[in-house]
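Asker: Input sequences plus hints: build the corresponding full structure.
Take 6 as the starting number for the sequence shown in the numbering used here and just add one per residue.
Check each hint, because a few of them may be wrong.
[Said to hold, decoys possible] Distance windows between CB atoms, simulated:
(1) Gly140 - Asp57: 19 to 27 Å
(2) Arg45 - Asp133: 18 to 26 Å
(3) Asp125 - Arg16: 31 to 39 Å
(4) Ala19 - Arg50: 17 to 25 Å
(5) Ser138 - His71: 14 to 22 Å
(6) Ser49 - Ala19: 15 to 23 Å
(7) Val51 - Glu13: 12 to 20 Å
(8) Glu155 - Ile44: 34 to 42 Å
(9) Asp139 - Ser111: 16 to 24 Å
(10) Leu157 - Arg75: 39 to 47 Å
Read the hints as simulated data drawn from the structure, not as lab findings.
Where is the CB? At the ideal position from N, CA and C, for every residue including glycine.
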Amino acid sequence: MDQRSDAEVYRAHATELTRFATVLVGPDSAHDVVAEAVIRMIGSRVWTRADDRRALLFRAVLFEAHNLHRSAARRRVREEKAAVPVAVTVDHEPAPEVWQAVRGLSPQQRAVVFFAYWQDLDVTAIADLLGVSDGTVRRQLARARGRLREVLG
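Answerer: In structure tokens form, the structure reads like this:
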């Protein structure tokens, strides 16, 4: 069990959670998704018993991203926004057309692409963070790569 305070855990992972959320929902909604996920997690019973709070926070961010995508009106607005994050940068900034193609993926596919390419995690580490099987990660990554190949040529 992580003995650090809630604030320390948040500060330790805020940047990577925001980057993750940016990949999932875009720069305009990323901070809101992270804030909502953290608030819900810290207020839950699961939080006090969690052995891996980092993984729990990533799953919560993914869940909040799914919630955001359920709203069709918000989705249309978000799709029209700029594809390149303004406040959050990554080490190797992809071209705008790559960002646009990634934003066309499902939230689960964006998540595995983010962890595989931006965080350089292996399949097992991604599966552990997202709370899914290795096979699910491999399947989502294969589908994402196929879709990106179609879109980007």
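Asker: Decide, hint by hint, whether the structure agrees.
Answerer: For each hint, the structure was consulted:
1. Gly140 - Asp57: 19 to 27 Å: holds (21 Å)
2. Arg45 - Asp133: 18 to 26 Å: holds (21 Å)
3. Asp125 - Arg16: 31 to 39 Å: Cβ of Asp125 to Cβ of Arg16: about 23 Å, so the range 31 to 39 Å is violated.
4. Ala19 - Arg50: 17 to 25 Å: holds (23 Å)
5. Ser138 - His71: 14 to 22 Å: holds (18 Å)
6. Ser49 - Ala19: 15 to 23 Å: holds (19 Å)
7. Val51 - Glu13: 12 to 20 Å: 18 Å Cβ-Cβ, so the 12 to 20 Å window holds.
8. Glu155 - Ile44: 34 to 42 Å: holds (38 Å)
9. Asp139 - Ser111: 16 to 24 Å: At 19 Å between Cβs, range holds.
10. Leu157 - Arg75: 39 to 47 Å: At roughly 27 Å between Cβ atoms, Arg75 and Leu157 fall outside 39 to 47 Å, so the hint is violated.
The structure does not agree with the numbered hints 3 and 10 stated previously, though it agrees with the rest.
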